[in-house]
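There are 2 protein chains.
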Amino acid sequence: MNETDVIVIGGGISGLIAARDIAAAGHSVRVLEARERVGGRTHSQPVDAETGRFWVDLGGQWLGPSQARMASLVSGFGLETFPTYTDGRKILELRGKVSRYSGTIPRLSPLKLASVQLGLNAVRRAANKTDPAAPWDIADALALDGRTVETFKRAKVRSGAARSLVDAAVRGVFGAEPSEISLLYFLSYVQGGGGLMNLIETEDGAQATRFVKGAQLVAERLAHDLGDAVLTQAPVREVVQRGDQVDVHTGSRAFRSRYVIVAMAPAMAGRIAFSPTLPPDRDELYRRFGMGATTKMHLVYPEPFWRGDGLSGEVVAPDGPVDLVWDNSPHDASSGVLLAFIVGDKARRLAHSPAEERRRIVVERLTRWFGPRAAQPAHVLEKDWTSDPWSRGCPTGLLPPGVLATFGRELRAPFGRIHWAGTETARGWAGYMEGAVEAGERAAVEVLDRS
Amino acid sequence: MNETDVIVIGGGISGLIAARDIAAAGHSVRVLEARERVGGRTHSQPVDAETGRFWVDLGGQWLGPSQARMASLVSGFGLETFPTYTDGRKILELRGKVSRYSGTIPRLSPLKLASVQLGLNAVRRAANKTDPAAPWDIADALALDGRTVETFKRAKVRSGAARSLVDAAVRGVFGAEPSEISLLYFLSYVQGGGGLMNLIETEDGAQATRFVKGAQLVAERLAHDLGDAVLTQAPVREVVQRGDQVDVHTGSRAFRSRYVIVAMAPAMAGRIAFSPTLPPDRDELYRRFGMGATTKMHLVYPEPFWRGDGLSGEVVAPDGPVDLVWDNSPHDASSGVLLAFIVGDKARRLAHSPAEERRRIVVERLTRWFGPRAAQPAHVLEKDWTSDPWSRGCPTGLLPPGVLATFGRELRAPFGRIHWAGTETARGWAGYMEGAVEAGERAAVEVLDRS
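Respectively, the protein sequence lines represent chains B and L.
Under this note's numbering, the first residue of the first sequence carries the number 752, and numbering increases by one thereafter.
Under this note's numbering, the first residue of the second sequence carries the number 752, and numbering increases by one thereafter.
Honestly, I wouldn't trust all of these hints.
A pair counts as met if it fits within one copy or between any two copies, since identical chains are not told apart.
[Said to hold, decoys possible] When the alpha-carbon atoms are kept at most 30 Å apart in a straight line, the in silico DSS-like pairs for lysine-lysine are as follows: (1) Lys880 - Lys1097; (2) Lys880 - Lys841; (3) Lys848 - Lys964; (4) Lys1134 - Lys841; (5) Lys907 - Lys1134; (6) Lys907 - Lys880; (7) Lys964 - Lys907; (8) Lys841 - Lys907; (9) Lys880 - Lys964; (10) Lys880 - Lys848; (11) Lys1134 - Lys964; (12) Lys1134 - Lys880; (13) Lys1097 - Lys848; (14) Lys848 - Lys907.
Keep in mind that the hints were calculated from the coordinates and are not lab data.
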């Protein structure tokens, strides 16, 4: 049997970081990845346009301020980045009315605006009382975990228009509806990313910076440095702890190690057959983790024509099938790319339609907002993450009410010789690449402390 | 490879009923059960007391009115049943004060009583608008599914004492906290059992009738009739659909059939590796199903001494570790048995304590309520269902907000040649033995219609 000191299950950023740190400490390590590629929820694809080749990200793609670990990785690898395009006015479609605005908050009637501000303030105040590193430990944990974000929204935001904007923000951040998410989970998550405003902002926010050659390059460079320690197309089915050994089985092969780090989304990790079985609390925690639903559709044009019209490319449209649009053109603007997000229940519903129908719906919207030139994209690249058998959703795991306060402390608790990484286990920036790095580093330290 | 027309995965009541109907129609069938026994969440155990042998149910145990399918099974097999003992007064402990009462609703101050009544009426009115056979189809489905039972309780029930009684009722029925459960799921579930009052009542309610020799006998008799078609210790890991065949793999063996019926709790079924993978909506539905947490502790005494004190044995005590107690003595009262329920978060918390400590806690409470004779049980039988690797909870699956309205219609939708049974898929009495039978019959009809 193939033996190493440590086996890491999952070749996303978190697992690869853990493996890097284990290897750097002089221990042998093996990474088992189910897919034929590394990168997990980062997945970059080249587009060969008439004007040359560039990359789009089908998965995670943005860096933001205060993400020190990712900043250091990026500069260490010498990866090129550039600011997300934000010049010009943004578009809002609300109740069938299309308007244009600058800044973060759309121009609304004073009453609606006040309602939005009250809602944001309520979130900020409540989030400030949470502890993203240990949400279960705060005084109000049980009460906050007994409510949905929807219930909170209805209590704090009175205007229907303002509620719709909250919906779009929540869908954009989680790929899920306010009705699915525990208020405690929501508040801890946004607090871990520096607050809701920080998460929804482009300039100086979580969507500030992009990779010239795609975000997957981070994982590819990490995997390159690990060499043949990384095995792809190796989906783990079973993990057996016996004495001081852990045996890890894929369909056809077996591997042995002294420690294991599971670096997967909790919703996927729970499908491995563990022997002995997971403790009941951890089992229940895993059983209840959902995944956000996000479909990213890239529409490629010969040039970013909207820029000439004084538009940034950003759209917020909570009432229609496409909640959010960004300018995702390459750094040199050699092509024009609009990135349409179909999120939450809309993504789940539209997943049942043929790709042609989804494309028609998106193009119709873009034409409404950006004019007839949007009607004929040269290329369309789409990724529905709910159909991906190894992610089953994007961008992040999410918890309904009644789980985090009760079972949350199991999230990082080692089980025998098994430790846990993955962005959902991060103590800050959970759900983001930054959280993936933090979690991978922490899991490696835990294992190194024992060996 | 071992071939039959149909394979049923799961040897609980639902799977065995499906297999019975398939076999009765002249088709070959095989039942694969992970455990070394049939019966699923029914599990009866003999107790050898000084006065002779009798049975206690570690799992599901009661029959109620309007459960026609179970009534017919019971009479068909000639199984002996008897009414649950209800003579005498019940005990209520609330805010440290112990009182005794008759009927369903404890004697409370008029204000608290009015609050309880308002709450029950609110549940009744709301539940009457649901459709247990298709909860996702009612007008308010999305709104109801965006809230927890906790949120509803806080809006409809003002008195703290009344809220505690609601908590005990919800914990008793679901093994879970009001904060974990979608309001839509809750209302549909109670409506499917004839209303909340019906579910919490003993006399003429869902706890009305018991089995002399234990409820597991139903599954054992069904399995007996199926003979060697039932295979135990055969945990299914993988189900592969290819052309018009379905291959079912346990760790060591493979079976082939034309159709498969999965008769498991959704939370467990989602752990099978399906190839091709489940459709995203069904996958997400399964991922989000939790299980209730219930620990049943039976305390056996030489005689049911409380009866002589004019007590029925029933206790409601929402504030302490034991929410509910019943008289679970054998039909001939040859021994006295008190059945203590530790439910919801309390069950999860106390699962971390040693068995001796849990026993000490329960005995201390029983002594408080029934006097010093409760202090020395001759036998104690305990079953913590959250630790059971093939159930991971009891009595039933439960859904948090944001799932049922969106993904619920997937619950019974066949996936290729795979059909779905199990009590959680029932159109009425979901979570009960009656629902298990209804679901098994329905799944068998579906398969027979295709073959």
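Output the indices of the hints that this structure fails to meet, ascending. Hints 2, 3, 5, 7, 9, 10, 12 are the ones this structure does not satisfy, whereas the remaining hints hold.
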